[in-house]
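Use these hints to put chain B onto chain A, whose structure you have.
Taken in order, these protein sequences are the chains called A and B.
Take the first sequence: its letters are residues 0 to 362, numbered as in numbering that gives the first Met the number 0.
Take the second sequence: its letters are residues 0 to 362, numbered as in numbering that gives the first Met the number 0.
Think of the hints as simulated: they come from the structure by calculation, not from any bench.
Backbone N, C-alpha and C fix where the C-beta goes; we use that ideal spot for every residue, glycine too.
There's no promise every hint is true.
Where chain A lies over chain B, by a calculated footprint (3+ residues, C-beta under 8 Å) [unchecked claim]: (1) 36-48; (2) 100-107; (3) 221-231.
So these bits of chain A aren't anywhere near chain B, every CB distance computed over 12 Å [unchecked claim]: (4) Glu226; (5) Arg285; (6) Glu350; (7) Lys357.
Number of protein chains: 2
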Amino acid sequence: MHGKPLTYASAGVDVARAESGLARLLGWLDQTHAFPGAVGRPVLKSGFFAAVHDLGHGLGLAISTDNVGTKSLVAQMMGRYEEIGSDCVAVNVNDVLCVGARPIALVDYLAVEQVQPEMLEQLGKGLYEGARQAGVAIAGGEMAQVPELLRGAAPGAGFDLSGTCVGIVALDRIVDGRGIQDGDVVVGFRSSGIHCNGLTLARAVLLGPGRFTVEGLVPELGCTLGEELLRPCRIYVRPVLDALERTQGITGLAHISGDGFLNLLRFRTPCGFELTDLPEPQPIFRLVQQAGSVPLEEMYQVYNMGVGFCVVARPEAVDVVLASAQRHGYEAQPIGHARAALQGRVALPKEGLVGEGKGFRRN
Amino acid sequence: MHGKPLTYASAGVDVARAESGLARLLGWLDQTHAFPGAVGRPVLKSGFFAAVHDLGHGLGLAISTDNVGTKSLVAQMMGRYEEIGSDCVAVNVNDVLCVGARPIALVDYLAVEQVQPEMLEQLGKGLYEGARQAGVAIAGGEMAQVPELLRGAAPGAGFDLSGTCVGIVALDRIVDGRGIQDGDVVVGFRSSGIHCNGLTLARAVLLGPGRFTVEGLVPELGCTLGEELLRPCRIYVRPVLDALERTQGITGLAHISGDGFLNLLRFRTPCGFELTDLPEPQPIFRLVQQAGSVPLEEMYQVYNMGVGFCVVARPEAVDVVLASAQRHGYEAQPIGHARAALQGRVALPKEGLVGEGKGFRRN
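This is chain A alone, in the form it adopts within the complex:
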């Protein structure tokens, strides 16, 4: 800790370097978009939560890929793998949902240092549970034994888990934020905690000699630290699809994953956002912040801070969204508004933060 505040870069994830490297990769990939011809061509610019490809028949195929990150290390420390299986579904279906698509299928890619049948059984159970909640079939996948490529929390324990989800959406019902107008309401759906982003930072500040252990009960969390960190990422498919079926007034859908509320800036709209009524973040966020003396702007950049998914809706459609949340047992509340005057920015007035580009700063 060296007595200085810890930022995400110093905890092992170099975001700026990643951005510049990624730009060189994407420069090539953007040139592939015309290769399939009319059927198969992408209909959205790259960089949104999911890509959409034109399948003909007025039908769009949404596709997105993501991994569970270093949460796999917590699973290894705990010897518990069911949650991470569910997470593999969650991180992908929540992204596909952001274009207004219904997720239908997922394939998983599991790289392991060693095959552990009990671990595979638990992962399978978790994938099943995630698939059940999301209404997707897992009809394929790949397990690669690549001991020379991996390492983990203990010799032989290493693994990496990612997935790819596909969904379908009518081309004339794609949601990408282009219809967002000044005054539209942002409805925030409660997260279950830290989800799958910022685990590198959380582990860096919470675990280690003289700090917490994954087995230790933490009174303010009401559970062990490991249980808190492993808590499955919430799956927002059912309430959001329900709302999409009941109203055409939904203008934006955002999975609040890495980059926190900056994800709202991925919408294809000139509007910015003012979030005035954020719910209290769960205790785990305060624990990370205090243990690592992590600046508040860093916390809001890395973490969901209690809101895992946002639905942007016309004022008259908000009640429909809230009713859909309630019908499916999800906590949701209006947390702010789209604001034309805030072009390209996310303002959190109560927290004294403004986000722009890739970071938050104090107001």
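Only chain B this time, still in chain A's reference frame:
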């Protein structure tokens, strides 16, 4: 080497253990198939080269995921990444092709120990080249910086690359081998060499103190060992789609990847196969076999041995398949026949081998 013949299991990939562990995972995943309802449901049993999901409109969505395996370690040793980018496309599009689908899109998942912009540029170029050859768009992907999960050929060099490909196929034109009849002809398409399977074994027997280096010129290969091992996996999309458009006489399509010609046993047919006219394997295979005293049955189980893709066709459709190959500049030749009497087996009479289940044995 310890003076004893090297098998795939002793070189670091425990196939039997993987099979049993995987069965426990798949037991859960098979139960997810009904979750999407009518639209989205899988229409093939799991375990084929690609899954196919019913999209309505008579349209099937094919999906498959695979990685480039430990070929990434050779890329790291050489500091050359373009080939591996193309491979990421190849291993996935060739699988999707096996259900008769036209690949349309691919997403890649790249886990890196460190972000290296030059490496990302080369990977991007290779992905672009693969996408161009396959006619797919790469509209999305994920790069994860997970240094704690990875290791590689040198500190910071580690990475793992996988992809997921989707394609479309008319539900009434799905090819899965169920139409294969006794006497159907197997047309073998030439591979470019070792492709992406068996690199663990190849590295184990060829590289190391007192053996070859990746930089060393190997006279019988006509290039350096590294260049030979990195040679991109051939992409069979264009000639095979061309043939599928010209004839309805194609009854089976098999990507000859891990498990070699045993992949023919994935067809939904009671017929087995007799391969009487296999082309001479490329010199790299002899080099691996001799350097490691690898039994011939092991070689045929791990490697493609010169044939990267098989098209099974009615005798009257063979000329169409061969003409499509020639039109697109691919080498292909009839290599054998489907045989009702060989149920569940692949016989290689000239090599004195019979394959069944997961292995070959001497006849």
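(request) Decide, holds or violated, for the assertion that all CB atoms of chain B are farther than 12 Å from the CB of Glu350 (chain A). (result) holds (27 Å)
(message) A cut-off of 12 Å on Cβ-Cβ distance, and Lys357 (chain A) was said to be off the interface with chain B. Does that hold?
(response) With a cut-off of 12 Å, Lys357 (chain A) remains clear of chain B, as the shortest Cβ separation is near 15 Å.
(message) Using Cβ atoms and 12 Å as the threshold, tell me whether Glu226 (chain A) really stays out of contact range of chain B.
(response) With a cut-off of 12 Å, Glu226 (chain A) remains clear of chain B, as the shortest Cβ separation is near 21 Å.
(message) Using a Cβ cutoff of 8 Å, are there at least 3 residues of the segment 100-107 of chain B near chain A, or does the coverage claim fail?
(response) Contact hint for the segment 100-107 of chain B vs chain A: holds, 5 residues under 8 Å.
(request) Over 12 Å to the closest beta carbon of chain B is the bar; see if Arg285 (chain A) clears it. (result) With a cut-off of 12 Å, Arg285 (chain A) remains clear of chain B, as the shortest Cβ separation is near 25 Å.
(message) Under 8 Å between beta-carbons, do enough residues of the segment 221-231 of chain B, three at least, approach chain A for the coverage claim to hold?
(response) Coverage by chain A is violated here, the residue count being 0 at a Cβ distance below 8 Å.
(message) Quick check: do three or more residues in the segment 36-48 of chain B have a beta carbon closer than 8 Å to a beta carbon of chain A?
(response) n = 7 at 8 Å, threshold three: holds.
The structure fails to meet hint 3 from the earlier list, while all remaining hints are met.
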